[in-house]
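Novice: Below, each chain spelled out in residue letters.
4 protein chains.
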Amino acid sequence: MNDSFKDECAVVGVYNCKKAAFLAYYSLFSMQHRGQEASGISSSENQKIITIKNRGLVTDVFNQDNLMQLKGSMAIGHNRYSTAGEDSIFDAQPIFARYGLGEISVVHNGNLINAQALRDMLIARGSIFQGFMDTEIFIHLIAQSNKAILQDRILDALQQVKGAYSLVFLSRSKMFAIRDPYGLRPLCLGKIYNDDGSCGYVVASESCAFDLINAVYIRDVLPGEMLIFKEGNPPESLMISERKIPHPCIFEYVYFARPDSKVFGRMVYSVRKEMGMQLTKEKPVEADMVIPVPDSGVAAALGYSQASQIPFELGIIRNHYVGRTFIEPTQSVREIKVKLKLNPIAEIIRDKRLIVIDDSIVRGTTSRQIVRLLRDAGAKEIHMRISSPPTISPCFYGVDTPNKDELISARMDLEQICTYIEADSLAYLSLEGLRNSLKCHPDELFCQACFDGNYIIS
Amino acid sequence: MNDSFKDECAVVGVYNCKKAAFLAYYSLFSMQHRGQEASGISSSENQKIITIKNRGLVTDVFNQDNLMQLKGSMAIGHNRYSTAGEDSIFDAQPIFARYGLGEISVVHNGNLINAQALRDMLIARGSIFQGFMDTEIFIHLIAQSNKAILQDRILDALQQVKGAYSLVFLSRSKMFAIRDPYGLRPLCLGKIYNDDGSCGYVVASESCAFDLINAVYIRDVLPGEMLIFKEGNPPESLMISERKIPHPCIFEYVYFARPDSKVFGRMVYSVRKEMGMQLTKEKPVEADMVIPVPDSGVAAALGYSQASQIPFELGIIRNHYVGRTFIEPTQSVREIKVKLKLNPIAEIIRDKRLIVIDDSIVRGTTSRQIVRLLRDAGAKEIHMRISSPPTISPCFYGVDTPNKDELISARMDLEQICTYIEADSLAYLSLEGLRNSLKCHPDELFCQACFDGNYIIS
Amino acid sequence: MNDSFKDECAVVGVYNCKKAAFLAYYSLFSMQHRGQEASGISSSENQKIITIKNRGLVTDVFNQDNLMQLKGSMAIGHNRYSTAGEDSIFDAQPIFARYGLGEISVVHNGNLINAQALRDMLIARGSIFQGFMDTEIFIHLIAQSNKAILQDRILDALQQVKGAYSLVFLSRSKMFAIRDPYGLRPLCLGKIYNDDGSCGYVVASESCAFDLINAVYIRDVLPGEMLIFKEGNPPESLMISERKIPHPCIFEYVYFARPDSKVFGRMVYSVRKEMGMQLTKEKPVEADMVIPVPDSGVAAALGYSQASQIPFELGIIRNHYVGRTFIEPTQSVREIKVKLKLNPIAEIIRDKRLIVIDDSIVRGTTSRQIVRLLRDAGAKEIHMRISSPPTISPCFYGVDTPNKDELISARMDLEQICTYIEADSLAYLSLEGLRNSLKCHPDELFCQACFDGNYIIS
Amino acid sequence: MNDSFKDECAVVGVYNCKKAAFLAYYSLFSMQHRGQEASGISSSENQKIITIKNRGLVTDVFNQDNLMQLKGSMAIGHNRYSTAGEDSIFDAQPIFARYGLGEISVVHNGNLINAQALRDMLIARGSIFQGFMDTEIFIHLIAQSNKAILQDRILDALQQVKGAYSLVFLSRSKMFAIRDPYGLRPLCLGKIYNDDGSCGYVVASESCAFDLINAVYIRDVLPGEMLIFKEGNPPESLMISERKIPHPCIFEYVYFARPDSKVFGRMVYSVRKEMGMQLTKEKPVEADMVIPVPDSGVAAALGYSQASQIPFELGIIRNHYVGRTFIEPTQSVREIKVKLKLNPIAEIIRDKRLIVIDDSIVRGTTSRQIVRLLRDAGAKEIHMRISSPPTISPCFYGVDTPNKDELISARMDLEQICTYIEADSLAYLSLEGLRNSLKCHPDELFCQACFDGNYIIS
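Protein chains in written order, with my numbering: chain H, 29 to 486; chain E, 29 to 486; chain P, 29 to 486; chain S, 29 to 486.
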């Protein structure tokens with residue numbers, strides 16, 4: 029249960045489908061786990077783009093009435109994660125603007141490394157920024173490009189940005205989907221067979237979006253690729269820059285993505301199970317049962333159990349009704365927050381030696397609370413096994429992580445952390461083990477900066 | 029995923045605890061799965077009972093402000109399930125009334141067999157009914173009793189009712205918790221150690237409520253027992269009638285209760301796992317993996333897997349963000365309703381022989397939809413295994429079931445159902461196997477009318 | 029501006045009209061001034077009564093969707109005023125019940141003198157009361173009557189109650205409208221010409237309701253009369269008791285009713301103007317202008333001005349956007365409450381001698397605040413003239429008045445009040461003058477207990 | 029009742045006052061009549077500007093909680109009117125931006141004549157527009173100015189714009205209030221004496237805002253004047269351009285402003301009464317009574333009555349509870365819209381010859397409906413008298429008027445209009461009469477383009 033790494037974002041684009049906004053809505057619904065703070069959709073019809081966005085879950089923001097206003101066969105959408113300080117409606121996406129070539133709307137998952145420099149440059153030129161999102165930067169760069177057509181302007185803009193981005197642009201007649209040259213954030217392409225025999229296309233952060241709307245997964249948008257959707261045709265592909273060595277975010281496998289999604293060509297569920305198996309090999313421990321911290325630790329725990337032959341048990345039950353309002357507790361806030369979600373089954377774990385599988389430890393406070401809950405429920409031994417390496421560095425590529433000095437692994441060694449979280453033993457999957465779980469070619473690279481501090485872009 | 033048997037209700041009573049209403053609130057929150065239609069709490073202070081109730085989830089109905097209005101050290105609460113026709117605020121509980129001895133409020137889980145006769149009798153005597161709930165009947169009977177004290181009046185009333193009831197009454201100075209003589213519906217007793225050294229008490233439908241508020245499970249309220257909470261003392265126990273042979277509802281184990289609850293003295297999770305193991309023994313089948321229909325089939329699937337040594341996989345992922353508003357689908361309503369919740373992982377199940385574990389089949393439409401989803405995802409064989417016997421009769425004891433002619437098992441034989449749901453094979457746990465899972469003494473009886481049509485009260 | 033006498037209630041009944049609930053809705057909207065706390069409508073169709081009610085203004089409670097659920101050609105409705113302590117949804121009306129003869133719903137404007145005795149009697153017999161309104165008493169009495177038909181039961185019930193009531197009962201096939209024998213509260217009858225040539229009927233507290241729905245005012249329901257609407261016919265009339273001398277509430281003319289309503293056979297606007305004229309005769313004073321406290325003093329001020337030939341000016345402007353939420357003021361609460369509503373026009377009143385007309389003084393605090401506002405705005409002299417006699421006694425017949433010891437006229441003499449409110453002079457219309465304004469026959473009587481302390485029923 | 033000319037906007041700025049946002053809130057509340065569509069406030073503290081804005085009334089948008097977030101001693105606020113097509117939250121004000129010199133927020137009442145040209149120019153330079161309001165233009169011009177300090181950049185920007193504007197800018201340490209050189213839209217200056225002996229300042233569209241917050245009216249901001257609030261000092265004054273002949277909007281007197289406001293140095297109430305008196309002189313008619321169309325015609329009707337000695341009567345009563353939701357009517361939409369607001373008192377006007385005073389006629393449909401209501405109520409003669417000249421031209425300076433071809437006076441002559449609205453006679457105040465009502469010096473000019481089609485800026 030990774031409470032400290034907040035989720036990131038979800039993007040979707042729908043092209044050449046009847047009621048495109050409804051498909052965008054369902055897609056966003058299926059990717060709700062990537063962002064619960066705000067949601068929005070733009071659709072384009074009759075040379076006019078309409079945008080509806082607001083704070084709240086997808087089902088809070090949209091209803092039959094306002095979805096009906098989003099007419100047309102092209103739509104883009106976005107779910108935003110909750111940022112710490114500035115939870116304002118102004119930063120909800122899509123971001124829409126009128127500019128030199130007409131109208132444009134854009135959704136963005138990622139983060140720019142040179143955002144401040146670009147903002148400074150743009151502001152020095154007289155641009156104004158109405159929100160805090162990097163996304164505004166793209167529109168300014170496009171607006172200030174001197175190229176004649178939008179496609180060239182987007183390319184122009186992308187030459188100037190450094191960082192992670194999966195983008196979908198909507199103009200009044202076209203749609204563009206782009207992944208940054210390192211392919212840091214996911215974006216995949218699906219196809220829809222329309223009733224009239226024509227084909228529609230969908231791009232989405234995760235393939236689980238396709239399943240709900242009966243789209244067929246085709247492939248990932250490639251790192252550095254721009255897909256151009258126009259004139260009802262299948263997308264044209266264009267490489268936006270000289271080829272770079274892709275470094276997709278390895279943490280998508282660890283935590284972000286839904287287990288039923290295919291990300292960077294692999295099913296997340298299978299990868300997570302494999303991580304659990306690797307963890308068994310690397311960090312075995314004698315115990316009576318393997319229990320996951322639900323829901324994020326479930327697949328890895330299954331793998332650990334299968335590899336170790338130690339029985340898998342759902343020793344902690346998760347209450348999924350947790351909402352966002354929080355009534356004054358009768359106990360400490362930190363304690364109740366975890367207890368509202370998680371309840372150990374005392375009779376299962378009493379006097380048992382437990383292997384507890386979680387995906388990661390960020391600040392350590394949640395893990396300590398879980399260990400205490402299990403201890404109170406009578407666990408004899410608690411062996412915490414983490415299905416990823418220690419998180420030692422913040423992410424600068426689109427994930428809302430705490431500062432480095434809040435990361436427990438950046439401040440303490442393994443033994444200290446184990447003491448802090450009050451476990452009997454603690455072990456992490458090695459970075460090599462994580463890579464093994466992916467069964468990747470030795471040359472295949474990932475961004476693993478959160479684990480090793482090596483930032484591919486800086 | 030049992031969509032047709034609606035959940036029933038949850039009741040809670042808190043006695044001699046500071047901020048009793050907050051404890052009732054947290055208890056109701058942890059029992060939200062038993063009823064999502066309406067929620068309410070009454071508290072008693074200074075010879076005055078205050079009640080707040082409304083439609084919606086616990087977290088919708090209550091907030092810091094209105095909980096603060098519910099002062100005092102005694103409180104009762106209720107979650108109500110959604111009934112088909114009459115979803116009105118008038119039927120939310122607690123039901124409060126002023127009567128001959130002052131003020132009373134009551135919460136009720138269950139259903140009376142002789143409700144209509146009692147209503148007719150009461151109406152003939154001049155009583156009026158403002159809602160549709162049986163709960164009003166109890167208050168009328170109490171109000172019309174000629175006994176001098178409330179306790180005797182409650183006993184009087186209980187002599188007249190026939191059926192299932194777990195009740196908590198709140199007067200201005202006392203609290204009464206009662207289970208019907210057959211003990212059809214659950215109710216358990218917990219204890220809270222107050223900061224000042226005194227003890228408080230909690231009664232709740234399920235023990236998971238105790239865990240969240242740091243109460244200790246003591247025991248079940250006994251069938252036919254009345255617990256009297258007064259003067260700050262531990263509860264006095266009184267049997268309300270000559271002893272009957274208890275027949276607690278066996279379906280609580282199959283579906284209703286949270287797996288981390290202790291119900292009728294057994295941990296639900298363990299019972300469900302055992303049901304899966306029994307099912308393996310009774311209805312084995314060669315296959316590549318065991319997958320549950322989440323969340324209700326998970327524990328039984330684990331048991332089936334452990335007993336059969338066929339690997340357990342989470343082959344279907346559940347989206348927990350499903351809300352109550354429902355946007356016009358682009359496909360048939362029935363289909364989208366299931367797809368919004370459940371998504372199979374194609375890469376796991378493709379070309380595989382699946383054992384799919386669900387807790388029950390009611391109308392058959394949901395099961396058919398699940399089989400189709402799995403088939404579309406590439407499953408080679410689908411062997412549906414149900415961890416309870418065929419549901420052939422409706423419940424008259426507090427569960428909102430369809431009419432008999434809507435129950436697929438009442439209309440079709442096994443083979444026909446298998447054909448209808450389009451599975452390769454279908455098998456149910458036998459009633460004997462279900463009883464075996466409970467590891468009960470041969471003399472221990474349960475209400476299993478939904479499976480065998482034998483109604484203990486009529 | 030009478031802030032201390034709260035408004036009372038509005039009732040409406042619609043019979044034999046298509047979409048009766050919509051007509052009830054519009055009627056309630058036009059009588060919103062009589063109660064802003066809660067609103068509700070019951071309609072009857074196919075032997076079934078449906079009720080929707082909630083806290084809030086008419087336009088808050090109802091929308092297209094829920095009005096559509098209130099089917100049928102008969103409907104009754106109610107607006108409730110805000111009572112001090114118990115603002116709960118449970119006391120919203122209509123009050124619905126199932127009883128010996130089927131279903132009934134009722135709305136009530138008024139108050140019973142023997143409510144406590146009846147409650148005690150009913151409770152002693154075993155009745156329960158779920159709310160605080162007298163209205164429940166009527167239903168209990170009807171339910172306990174041994175008469176065979178509803179009409180007789182209502183008559184039975186009415187024999188037992190003492191007090192003020194304008195009632196509308198809705199059964200599954202009939203509607204009954206009744207005024208108490210003294211006719212204390214208003215109720216008038218109107219007719220609607222349906223598109224199909226048939227006639228519908230409406231009863232409402234004020235005739236302004238008729239104007240909005242194109243109903244024609246026919247006459248008042250008579251004191252002691254019951255109108256029976258059945259079988260689509262024009263109403264039958266029945267006297268419910270031996271004839272009493274009517275005593276309708278004189279304060280309806282002073283404050284409650286809308287000026288465009290006909291109440292007890294007289295247009296309210298005309299009566300109020302006449303009150304102003306009488307006031308001129310009785311309590312003339314030399315001044316530069318007459319200004320009303322808006323809106324309640326406007327008509328009387330016009331009369332005062334016309335009779336005195338002193339110019340009428342709207343020297344105080346009222347802000348009608350005042351809502352119910354109240355943001356922490358930067359000044360004292362009492363002061364801002366008046367200022368949010370009323371703003372004097374300094375340039376009009378500066379250095380002027382003002383005659384300020386208000387309808388009544390209850391506690392005196394509001395009047396003092398108004399005098400201060402005018403003084404701050406530069407008024408040279410402020411002569412307060414009240415278009416009714418001093419309010420010395422509380423109302424027990426359906427109006428929410430403060431206790432006697434809070435009524436400034438019950439505690440102070442004229443001079444003391446004048447000093448307290450800081451006016452230069454103060455004068456009230458005499459009771460005789462008030463009667464003269466009504467141009468009534470010497471034998472015509474009114475309930476004027478609030479002015480003379482003579483209670484016709486006790 | 030002018031339903032077709034929508035209201036315009038309200039702006040407010042508060043400087044050097046404790047809890048400035050609360051004062052802005054109260055000011056906006058008192059100017060709610062100038063815009064009901066959206067409301068917003070920015071406040072500045074600690075070098076940071078925070079903005080909260082949303083759709084809805086002032087009391088809908090703000091509550092204790094969010095006002096508390098708007099800290100600091102400087103705040104600006106805005107009420108927006110409802111525009112036809114694009115009612116989006118994106119166009120709510122204040123508009124905030126980060127730009128070359130830091131942060132800025134702005135509120136604007138008015139309209140630019142060269143908006144499209146400026147947009148085109150800015151877009152050609154690469155600017156992007158996220159909303160539809162002219163207000164964004166100001167920020168772009170400021171951002172692109174090469175001046176070193178904000179004050180000079182504002183001056184720079186103002187050189188480029190042509191049109192009507194009353195503006196308040198908020199930076200992180202200063203506030204600027206500006207009226208365009210022609211002074212088309214109002215803006216006045218008030219002073220607040222703080223508890224600590226210091227002085228605060230307020231600028232607002234109307235002086236009624238000052239009354240509620242105990243500010244003292246000082247003077248109008250002059251046409252072409254910029255007031256600079258900084259370092260806690262009284263405002264510095266600077267003329268933004270060579271002196272022009274002021275042309276303030278004469279329609280503020282006719283309709284927009286609250287009668288208790290001082291606008292352009294005159295009390296609106298007095299001016300309107302004078303307009304009624306002029307109208308008597310110009311367009312006398314024999315009749316039994318003068319009645320206003322409430323509320324906008326009241327003051328003029330009083331004047332007409334006083335000058336003509338024909339009695340003033342409130343023959344039409346207005347229901348102030350009219351909300352924004354609109355339930356399916358049982359009659360035509362147009363008819364019910366007027367009836368929901370206005371109800372004639374039949375007994376007053378029956379068989380009477382009426383002079384009906386309204387402030388203006390725009391499309392004529394509302395007037396026709398009013399005439400019909402009065403005719404149905406029995407009026408013998410209806411003489412419509414309009415307290416302004418025929419509205420023949422749309423406004424381009426900040427008022428949302430229909431197109432010219434929707435203005436009845438642009439399409440029909442007097443007689444035709446009279447026939448259309450079904451009155452017995454119709455007469456308008458002459459432009460000269462309107463000017464006379466203002467008692468202005470012959471050289472004093474006003475923008476009266478809506479009456480004479482002469483646009484001072486084009």
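Just so you know, the hints here were simulated from the structure itself, not pulled from any lab data.
Keep in mind that the hints are not guaranteed to be accurate.
No distinction is drawn between identical chains; accordingly, a pair holds when it is met within one copy or between any pair of copies.
Stated by the list, open to error - Dumping the calculated DMTMM-like pairs for lysine to aspartate or glutamate here, alpha-carbon to alpha-carbon at most 25 Å:
hint, residue 1, residue 2
1, Lys380, Asp119
2, Lys46, Asp404
3, Lys47, Glu270
4, Lys365, Asp93
5, Lys365, Asp323
6, Lys47, Asp480
Novice: Give a verdict on every hint.
Specialist: Now the hints, each set against the structure:
With identical chains, the CA atoms of Lys380 and Asp119 are never at most 25 Å apart, being 48 Å at best within one copy and 45 Å at best between copies. Taking the closest pair of Cα atoms, Lys46 and Asp404 come within 25 Å of each other only across two copies (23 Å); inside a single copy the shortest separation is 55 Å, beyond that limit. In this assembly of identical chains, the alpha carbons of Lys47 and Glu270 never lie at most 25 Å apart, being 37 Å within a copy and 56 Å across copies at closest. Within a single copy, Lys365 and Asp93 get their C-alpha atoms only as close as 35 Å, which misses the 25 Å cut-off; across copies the closest is 20 Å, which meets it.
Proximity of Lys365 to Asp323 under the C-alpha cut-off of 25 Å is found in both arrangements, the shortest distances being 16 Å within a copy and 22 Å between copies. Taking the shortest alpha-carbon separations for Lys47 and Asp480, neither the intra-copy value of 45 Å nor the inter-copy value of 49 Å comes in at or below 25 Å.
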